[in-house]
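In this text, residue positions in the sequence shown follow this note's numbering: the first is 1, and each later residue adds one.
For the record, the hints were derived by calculation from the structure and aren't laboratory data.
Some clues are possibly wrong.
Here are the simulated DSSO-like pairs of lysine-lysine, each with C-alpha atoms no more than 30 Å apart in a straight line [claimed, not checked]:
#	residue 1	residue 2
1	Lys18	Lys32
2	Lys50	Lys32
3	Lys18	Lys45
4	Lys127	Lys115
5	Lys55	Lys45
6	Lys55	Lys32
7	Lys45	Lys11
8	Lys45	Lys32
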Amino acid sequence: RTLYVIYPSFKNFFNINKILDYSAEGGYSDEKNLNRFTAIEEINKLYMFKNIETKMFGIGMGNAEVSQYDFLSSEFYEQYSYLAYNWFSHAFMYIENGYVGLILYILFFISITIKSHSLKNRDKNNKIYYIITEITSILAIVNMIYNGSLRMEYAYIYFVVLSLTFV
């Protein structure tokens, strides 16, 4: 109640419909940026994503690449950099690989979770490694929606931890 007295604009803010509406509106620095919850929906509004082939398979690996050097950035990035799709791994993966690539990428992490879970029950001596791998693979899926770190240089840390199950 004190919050509503100090900040009247928060009245009726903390209900599920209002929170969902707020989380799906606009981008994070301006209205043109993608939002982590509606990124794929907004990408599908682009001209090149109007056909089923592009939605299914994307524009190809490397064709939406971003570089600190302008001459190495893709034409797609030069045209659509205002979307800031490189802020989210799932948006980047969808643009380059479509629904098929995005689903396969998510299934990669799910399969590691399943494998770790089954090995955890068989090998009690290394149980902690399987638990760490399970948690990391689930966090990788969440992180894919949260930010773009799975597309950056330090993503190797995730994959080192994910390899614990198999080492």
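Q) In ascending order, which of the hints set out earlier in this document are inconsistent with the structure? A) 7
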